[in-house]
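> Sequence:
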Amino acid sequence: MRLWLRTLIRNSFFQIGAGILIVMTLGGLILRLLETGAIIEGENPFWWAIVTMTTVGYGDFAPESTSGRLVSVLVMFAGISLISMLTATISSIFVAKKIREGKGLEKIKVNKHIILCGWNRNGEQIIDSIQYLSDGKLNLVLINELSEEEINRLKSKYQKINLNYVTGDFTQERILEKANVRSAETVVIIPNPVSPKASHPDEKTIFATMTIKSMDSNLRVVAYLHDRDNLKHIRRANVDEVVLSDDFGAYMVASHVMDPGIPQTVDVLLSNKSSTRFKRMAIPAEFIGRTYNELFENFRTENNWVLVGVYSEEEQLGIGEVLSADPSSLDAFIERKLKEGGISLQEESKVSTVINPQKDYIIKDGERAIVIL
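According to our numbering, the stretch in the sequence shown is residues 15 to 387, in order.
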């Protein structure tokens, strides 16, 4: 109780409010003693005191005696000072909140947003693509340890995105709570650059995935990995999608040698500035149960789109979910035998795609189209 009272007394709002109450009460009482007439009838002196303190000056009552006017002057100056302090205190709270937001220290109050954890040279390219591919105003929250100047530069560059920032380690639940992760639509984790002084960045990515999934297993997590050997570990963390740094680059290099023209075509289709690109589209209800060829002709005729394939989202069981989290000798034995039998240990994506199926392929309910605009 004593601690509560001490905290209350030290509170600036309490001090200013108490000062206003004291000046109003003393001013009204003293004026009642010094003045006569209508100004002292009922509770009018107190009404006069608060009107005088706030400098509203309705003109209802005015002191007539010299001593009463002197008291009025003191009440005016005290009121101006206290009201100014109250205004300054309220303003400082908002200013401090704005400063904390700029430094990434405040909790973000957005919903259905995308969270981008970590930062590397691909960060701006990802935001570029997100901004280009978004249909309307998008909420994006960054969790990293960039400087305030760098964050302000990003906010100025990406004005079409409602960009928010939380500073700190994205593997910590407290930091993720500040980003309102439970209300997010998707969390993207990109590792920090590889450093000889720090642990392998994939370790932080795996740990962050485990933390996010423990907070809400339904959150969609897309993770970027440097090392393919860590794929099974992050699958055990129940990640939704994984991007490997070596997959696409190796293919593009080989294509430049063996299939010139293919890399340039892929560049155009994947460029966020190209008018010709991949796009997912809803399949009209009347084409459910009909053939792929009919849908292809419809898209080509009506919209001049090229139908590439269809996809659906589904849960699939991978080897990482079968093996235990403990790398025991039994797990090693199972993996070795599966490899010897020619069985792939690479888990499949939870998004199942069918690219360029047969003409008589039947479109199923729940599938969506992948087209080239």
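Hints listed in this document are in silico derivations from the structure and should not be mistaken for laboratory results. From a predicted model like this one, the values you see are computed outputs, not experimental measurements. Any given hint might turn out to be false.
Unchecked claim - Mimicking SDA-like on lysine to any residue, the simulated pairs with C-alpha atoms at most 20 Å apart in a straight line are: (1) 123 <-> 218; (2) 112 <-> 143; (3) 151 <-> 182; (4) 373 <-> 315; (5) 293 <-> 140; (6) 126 <-> 192; (7) 218 <-> 191; (8) 169 <-> 186; (9) 151 <-> 218; (10) 123 <-> 83; (11) 123 <-> 143; (12) 121 <-> 202; (13) 287 <-> 192; (14) 151 <-> 163; (15) 121 <-> 136; (16) 169 <-> 196; (17) 287 <-> 162.
Unchecked claim - Label pairs and their calculated CB-CB ranges: (18) 76 <-> 99: 21 to 29 Å; (19) 170 <-> 281: 23 to 31 Å; (20) 375 <-> 197: 32 to 40 Å; (21) 285 <-> 161: 44 to 52 Å; (22) 302 <-> 199: 48 to 56 Å; (23) 143 <-> 375: 28 to 36 Å; (24) 186 <-> 39: 25 to 33 Å; (25) 242 <-> 169: 51 to 59 Å; (26) 200 <-> 281: 21 to 29 Å; (27) 159 <-> 124: 40 to 48 Å; (28) 147 <-> 94: 54 to 62 Å; (29) 274 <-> 169: 36 to 44 Å.
Every residue, glycine too, gets a C-beta built ideally from N, C-alpha and C.
> Taking each numbered hint in turn, which are not upheld by the structure, reported in ascending numerical order?
Failing hints, ascending: 1, 2, 3, 8, 9, 10, 11, 13, 14, 15, 16, 17, 21, 22, 24, 25 and 27.
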